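Kindly produce the complete structure, drawing on both the sequences and the hints.
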Amino acid sequence: MELFRKTFIAKAVAALMALLLSANLSINIATINRNYKDINPGKYKNVILFIGDGMGYNSLAYCEKTYSTKLDILTKTPIHGFSETRSSSDRVTDSAAGGTALACAVRTTNGAIGVFPQDQYSLAYVPMNLCELAKSYGRMAGVVTTDSNCGATPSAFSAHTDSRNNGEEISRQQIASNLDLIWGAKSGYVTESDATKNGWKYLDSMADFNALQEGQRSFAQFDGEIWKTQSGADSPTLSKMTEKAIDMLDDDPDGFFLMVEGAHIDKNSHNKDGANMTTAAYEFNNAVKIAFDYADINENTLIVITADHETGGILKDENGDFYYTTGSHTGTDVPLLIYGSKTFIKDGEAIKNKEVSRRLSLAMGAKPGDFPCSVKLADTTKTKDE
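Residues 1018 to 1403 (the numbering used here) make up the sequence shown, in order.
Simulated from the structure, these hints should not be mistaken for lab results. On a predicted model such as this, the values are computed, not experimentally measured, just so you know. Treat each hint with caution, since some may be false.
[Said to hold, decoys possible] Computed cross-link-like contacts, BS3-like style, restricted to lysine-lysine with a CA-CA straight-line distance of at most 25 Å:
#1 K1257 to K1093
#2 K1289 to K1087
#3 K1384 to K1359
#4 K1333 to K1087
#5 K1093 to K1289
#6 K1384 to K1333
#7 K1218 to K1257
#8 K1082 to K1093
#9 K1060 to K1289
#10 K1257 to K1306
So, in structure tokens, the structure goes:
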């Protein structure tokens, strides 16, 4: 492969839609029309946001000790700062609200996906996310995760709903979206028929993955091993997905926005499983290295690496050993690492999680005051049935 070549309405109606989808998702997939604000593209042609779910600075230090190596994610980023994590409802955020802050520059309530805290049920207007912003510029946009596609973080960049548990509705919105790629683990909601009849190339094997051609919009559901440094025999690793995603999105002369999530730093930390957490962190670092290599030959590329929250309260004892103090999220400030810009933050600076997204919008061309912004999710206008 030649790498680098190139809604809503009233809650009752939403509940009814979810019921219909539950009966047969493939019968009622629709295209959602969004009224985007006209903002001129700016300095950076390509913007890549890496989110290490649950990743703190000590998560990375733990990984370095385990693998007896220095991580590129730390050594090659000249600017190290902090993102201040919280939601509108709690000092300790969950991934839904944390993802929304990073996607939409809005702090919402825990459990909510891509909605304003004061309007999370009617969903008449919702905050635009960075993928939608990129598409409004005519750029390509994609989401890659080791979680299921309807997991909290990828959902924040591709859907709007009052609850992260609305997997069917999230999946419906994703399939109806105009994103160029959505890749992750199986969700259980989307079938190959759902994807293909709505214009997606469906991927669930290495053969599908390797055969993907330029210009094909793709929806991937792989097995649950994609977070490891060596995935299952029929699934790519996170680093391989990152490499391929960049190659697909790089075809757009106007540029692209890509969000890549390593979800299993968080998932393994909930189990206080340091061995598997460091495996996930190491593979996350491998994925970031791919992006660094791309940025080195595509200078108008900005890479931002951060987390939605820290998980585990990881500390180091007097002997230099790392240990978990909890199996839950904490309110600890998380890493904010910058590659490709000396002005995104100052070295050592701490900014709010929602400010990360706002500054990313500026890098993509938004003018001060233009983002965050609200968009109306129009009624369903087009249904693609079997």
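Now the hints, each set against the structure:
Proximity of K1257 to K1093 is assessed by CA-CA distance (about 20 Å); at most 25 Å being required, the pair is judged to hold. Restraint check for K1289 and K1087: satisfied, since their Cα atoms lie roughly 23 Å apart, inside the 25 Å limit. Between the alpha carbons of K1384 and K1359 the distance comes to roughly 19 Å, so the proposed pair stays at or under 25 Å and holds. The straight-line distance between the Cα atoms of K1333 and K1087 is roughly 17 Å, inside the 25 Å bound, and the hint therefore holds.
A hinted pair counts as satisfied when its Cα atoms are at most 25 Å apart, and K1093 with K1289 does not qualify at roughly 28 Å. Taken as a hint, the K1384 and K1333 pair is broken in the structure, with Cα atoms around 43 Å apart against an allowance of 25 Å. With a C-alpha separation of about 18 Å, the suggested pair K1218 and K1257 falls inside the 25 Å cut-off, and the hint holds. A hinted pair counts as satisfied when its Cα atoms are at most 25 Å apart, and K1082 with K1093 qualifies at roughly 18 Å.
With a C-alpha separation of about 42 Å, the suggested pairing of K1060 with K1289 is violated against the 25 Å cut-off. The straight-line distance between the Cα atoms of K1257 and K1306 is roughly 11 Å, inside the 25 Å bound, and the hint therefore holds.
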